[in-house]
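Asker: The whole structure should be built from the sequences, with the hints applied where relevant.
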Amino acid sequence: MLLVHGVIHLDLPEVHSLKGRRAVLNSLKERLKKKNLSLLDLSGEYVREADLAFACLVHDAREAARCRENIERLLERRFPELEWTLEYEEL
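So for the sequence shown, my numbering puts the first residue at 23; every next one is plus one.
By construction, these hints were calculated from the structure, which means they are not laboratory data.
Here a beta-carbon is modelled for each residue, glycine too, at the ideal position from N, C-alpha and C.
Here are the computed lysine-lysine pairs in the DSS-like style, where the Cα-Cα straight-line distance is at most 27 Å:
1) LYS51 / LYS41
2) LYS56 / LYS41
3) LYS41 / LYS55
4) LYS57 / LYS41
Now the in silico label distances, taken between C-beta atoms and shown as ranges:
5) SER60 / ARG95: 15 to 21 Å
6) LEU113 / GLY66: 23 to 29 Å
7) ASN48 / ALA87: 23 to 29 Å
8) TYR68 / GLU112: 26 to 32 Å
9) SER39 / ALA83: 37 to 43 Å
10) ARG84 / SER39: 37 to 43 Å
11) ASP82 / HIS38: 40 to 46 Å
12) VAL69 / MET23: 35 to 41 Å
13) ARG44 / THR107: 17 to 23 Å
14) MET23 / GLU91: 15 to 21 Å
15) ARG88 / ASP63: 22 to 28 Å
Answerer: The structure is reproduced here in structure tokens:
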């Protein structure tokens, strides 16, 4: 068994309020939870940036790669307007 965990760093240039950031993050979190991920919002006070921590338990390295690819694909398809980076680690 492997634990895949990491952080998604989001730049939200179009967001101008905490309410707007919360709407974007809630939509993203809802879709990511369907991928069987545990999520935690690590965002600070700055409105135009957000950080989401994630964790996923998988059987092998192939499933770990699939987990990461699913996250990347979701961000590219559903949220093309967002600028993001993904940092992850497999344990």
